[in-house]
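Chemist: Chain by chain, the residues run as shown.
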Amino acid sequence: MSEVARIPAAAALWLLACVTVTLAPHALHLPGWVGAMCALLLVWRAWLHWQPGAPPHRLVIVLVAVAAGVGIKYHFGHFFGKDPGLALLAVLLCLKLLEVRHARDIRAAVLLGLFLQLGVFFDDQGLPVAAAALTGTLLAVGTLLALEDPRAAAREQLRLGALLLAQGLPFMLALFVLFPRVHGPLWGLPADAWSGLSGLSDSMAPGSISALSLSEAIAFRALFDGPPPAPAQRYWRGPVLTDFDGRTWRAQPSPLATEPAYVPGGRRYDYQLTLEAHNRNWLLALDFPAGALPGARYASDFRLLAEQPLRARGRFALHAYPDAPVGIGEDADVLAAALRFPPRFNPRTQALARQLSTGAPPPETVLTRALAHLRASALTYTLRPPPLGTHSVDEFLFDTGRGFCEHFASAFVFLMRAAGVPARVVTGYQGGEINPVDASLVVRQSDAHAWAEVWFAGRGWVRVDPTALAAPQRIEAGLAAALPRDEPLPFMMRPALGWLRELRHQWEAATNVWNQWVLGYNPERQRELLARLGMPQPDWKLLGLVLGGTLGALMLVLLGWAMHQRRRADPLDRAWDAFCRKLARRGSVRAPWEGPADYAQRLAAAHPRHAAELRDIAMTYARLRYGPPDTRAAVHLLAQRIRRLKLE
Amino acid sequence: MRAPSPAALRARLGRWLFRVGPPEAAPIVLVQRRVFVLPTRAGLAFAAALLVMMLAAINYNLSLGYALVFLLAGVAVASIVHAFRNLLHLSLRPGRAEPVFAGDEAHFPLLVSNARMARRPALRGRARGATVAFELPAGDVVELMLACPTDRRGRLPLGQVVIETTFPLGLIRAWSVVRPDAECLVYPAPERDAPALPQAASHDAGQRRGDAGNDDFAGLRAHQFADSPRHVAWKVVARGGPLLTKQFSGLGGGQVSLDWDALPGHLDTEQRLRRLAAWVLAAEARGLRFALNLPDAQGVADTGAAHAHACLRRLALFGLPASRHE
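As they're listed, the protein sequences go chains U and H. Heads up, the first sequence is in the numbering used here, so the first residue is 1 and it goes up one at a time. Heads up, the second sequence is in the numbering used here, so the first residue is 649 and it goes up one at a time.
Derived from the structure by calculation, the hints contain no laboratory data. Beta carbons are placed, not taken as given, at the ideal position from N, Cα and C, and that holds for glycine. Errors might be hidden in some of the hints.
Stated by the list, open to error - Here are some chain U residues pointing at chain H (derived, C-beta under 8 angstroms):
{"#": "1", "residue": "Leu40"}
{"#": "2", "residue": "Trp44"}
{"#": "3", "residue": "Leu116"}
{"#": "4", "residue": "Ala133"}
{"#": "5", "residue": "Leu144"}
{"#": "6", "residue": "Gln167"}
{"#": "7", "residue": "Phe171"}
{"#": "8", "residue": "Ala312"}
{"#": "9", "residue": "Ile328"}
{"#": "10", "residue": "Val518"}
{"#": "11", "residue": "Leu556"}
{"#": "12", "residue": "Leu637"}
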């Protein structure tokens with residue numbers, strides 16, 4: 001007998017399925033070779049199941065584990081962190097399957113699998129992953145069931161597993177809603193805790209935004225009270241970049257205040273911003289942000305910042321005043337910084353700037369001339385700009401003429417500064433698409449954008465989007481409309497896939513509900529919900545009481561189910577029981593060992609007036625019980641006689 | 649004063665906690681008061697794992713992490729109820745245990761019946777260190793054989809029986825302690841290589857026939873209940889005649905008296921009982937008519953298996969206090 005055969009085969013199979021389902025979503029996030037290794041080990045385990053042979057020697061397992069450990073260390077450069085930890089755990093779990101010898105090993109593997117199940121949520125908590133997790137949990141429960149009760153059929157185990165999950169579900173709901181939520185983290189997190197998050201960075205070099213543009217991932221959603229602003233007004237403000245070193249634009253620290261650094265005015269839009277985690281503290285609010293938001297700070301460059309980097313999806317109620325004039329009384333230091341440029345770079349652009357500003361015209365005229373020049377240069381908007389050398393602005397403007405929004409913004413701001421007009425680069429998102437299903441405005445990473453602001457005395461900062469010169473559709477209709485026909489578009493943006501986009505709208509609306517109510521269930525949401533349930537200021541005592549009460553009630557319901565003894569299914573037994581009960585009330589309790597004949601004898605003596613009837617009933621019962629099978633009608637008839645039996 | 653050992657303390661705690669008293673009358677029904685639940689070692693490990701997962705979920709703000717932990721906790725709680733339900737309303741009834749010789753295993757039958765129209769899997773019965781795994785089909789009765797080693801003669805009570813289950817997930821153990829009213833009579837272990845049977849009494853006529861005629865057929869007499877079936881004249885019965893017992897010359901008049909007082913003086917009580925047990929067996933095997941005389945009572949001479957059992961019973965219970973049953 002092989003070692004593996006000692007534990008129930010059914011449990012081993014359940015475990016294999018459980019581990020496979022648990023690891024499948026990890027395949028997207030693990031390094032490729034780790035995924036392949038796990039798959040190989042799982043196939044090996046399956047092969048051992050159907051072609052029983054000797055399990056691998058322990059030395060082989062140790063060697064593979066060590067090799068995997070070395071590989072992981074080499075791959076990640078370190079050992080301690082979320083990603084290497086998960087990779088190592090995945091390999092170890094697969095190896096554990098190969099050396100399952102006792103029931104205890106299976107239990108340990110199930111627990112490891114549950115840890116990995118949790119690990120999936122670091123990278124993804126979407127609906128499909130939730131469904132996979134539920135399946136994995138069912139399989140884990142099935143494994144434990146098969147271990148306890150190997151003789152049951154797989155169907156029966158599945159049924160019982162589903163019943164257990166169904167009975168656990170109310171507990172889960174109660175705990176999910178009522179368990180006091182706290183804001184994490186409880187302790188320091190490993191350095192790579194948020195490695196999976198993408199978004200804008202606080203610097204911009206050629207290519208940094210176009211890299212984002214191929215991503216269909218959602219950056220944020222906005223739900224407006226009333227009609228949303230026109231596409232040309234949808235500028236979502238990210239980092240404002242002032243410092244330029246000839247190649248890279250960088251942000252400058254700007255003072256923070258609790259109030260916006262401008263006087264709100266003009267048309268006001270109210271909206272709810274649901275921002276995906278991006279591990280930065282800017283909130284990407286619609287220009288120009290206002291509104292009292294606890295914990296948020298307004299930067300003097302009109303960004304809205306959160307106190308902590310956004311590491312979980314966040315929801316913010318905001319106002320926007322797109323038409324408000326901003327920066328009229330701008331600080332001299334800020335303006336000076338907005339005029340600085342490295343003189344060693346881009347001599348041709350500097351020459352152009354001198355040409356534009358001949359005769360010391362007012363800055364507005366310089367702007368008009370610059371825009372006219374750029375328009376005349378027939379620049380091309382493209383996702384695949386050619387690589388640029390040292391004088392990136394010169395090469396873009398005069399040689400290649402092909403660029404993405406960061407090229408346009410960078411070149412324009414450099415030109416304006418060289419011409420003596422304060423200007424700066426603003427990055428963020430532009431545009432967005434209304435999802436017709438839930439009317440929310442969805443902004444994706446592919447909507448990442450860079451534009452420019454120039455400062456005029458008396459008017460303040462004025463937005464100029466140089467990209468619009470080459471590709472006005474980018475602003476009005478988005479990336480897909482603006483790119484030349486032969487450019488490869490992000491898959492979903494292709495016009496032929498309209499029906500698929502429709503489907504995506506549906507899916508994303510569902511995801512939004514999921515995000516808002518399940519994933520976004522945080523301390524604030526909990527307070528909100530509890531207030532609606534009539535607990536406006538729940539302290540932990542009240543919460544504990546309510547939670548305990550709910551769980552207790554659920555437990556009572558379950559116990560009631562357990563105590564509920566289904567009546568005996570056999571109608572003949574039920575009829576005989578009724579007969580015995582009836583006579584027991586008259587003082588003739590049937591002794592446990594008493595057969596129908598003996599009992600009838602005793603009854604006849606005790607109730608002489610009914611002797612014949614009692615004897616006949618008992619004998620009919622005996623005949624039906626022990627004689628050859630009779631019809632259902634005969635049983636029914638007996639039950640009727642017993643019901644109608646009246647004793648005096 | 650010596651401190652009680654941990655085992656003794658645990659036993660005392662068990663008696664207090666589980667209200668284990670004198671043997672209970674059958675049938676013993678496991679009502680809800682009698683079913684206890686506690687987590688198993690695997691259950692504790694599971695709880696620890698959930699705690700760690702919970703901390704991770706809080707720390708990393710994983711909403712689905714919370715959901716997973718809560719769901720698993722809910723399943724574990726549901727499994728408590730399932731374990732409890734798996735034992736609830738079981739009804740136990742001890743059967744009659746056949747007497748055994750000391751040193752052999754006593755087998756206590758225990759009838760466990762399941763009135764519920766659903767299967768009850770993964771049950772275990774434990775008594776005196778032995779464990780029997782069993783399961784109960786829907787609405788059925790199962791006979792458990794609880795085997796216990798015996799080491800001394802007398803009455804062996806079944807004692808405390810634990811019916812337990814870790815169904816459905818192995819995280820929770822539900823158990824019930826019962827004390828069925830069952831005992832097994834343990835005969836003294838017959839002495840090995842015991843001396844030959846004492847000679848039949850000299851006044852008896854049996855001697856006359858000599859040793860050679862021991863198995864010679866001597867005639868028939870009316871059957872008595874205690875007669876061995878081996879000596880029944882089946883041919884007569886087959887012809888439709890009455891039940892008759894064949895008599896052989898060897899046992900015709902020969903009567904052996906197995907006397908306590910005739911045993912050598914250096915033997916102690918147990919040694920005497922063991923020798924007498926061996927002699928009873930030998931006499932029964934040879935079909936002799938024998939009487940067992942113990943200090944407390946003189947026996948009547950008789951033959952047959954029933955007589956032998958009665959004698960062994962007297963040997964088993966010699967010097968022991970009478971039980972409630974008698």
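Chemist: Run every hint past the structure and note whether it holds.
Modeler: Here is what the structure says about each hint:
no.: 1; hint: Leu40; in the structure: violated (27 angstroms)
no.: 2; hint: Trp44; in the structure: violated (26 angstroms)
no.: 3; hint: Leu116; in the structure: violated (11 angstroms)
no.: 4; hint: Ala133; in the structure: holds (6 angstroms)
no.: 5; hint: Leu144; in the structure: holds (4 angstroms)
no.: 6; hint: Gln167; in the structure: holds (4 angstroms)
no.: 7; hint: Phe171; in the structure: holds (3 angstroms)
no.: 8; hint: Ala312; in the structure: holds (4 angstroms)
no.: 9; hint: Ile328; in the structure: violated (41 angstroms)
no.: 10; hint: Val518; in the structure: holds (6 angstroms)
no.: 11; hint: Leu556; in the structure: violated (10 angstroms)
no.: 12; hint: Leu637; in the structure: violated (23 angstroms)
Comparing the model with each numbered hint stated earlier shows that hints 1, 2, 3, 9, 11, 12 do not hold.
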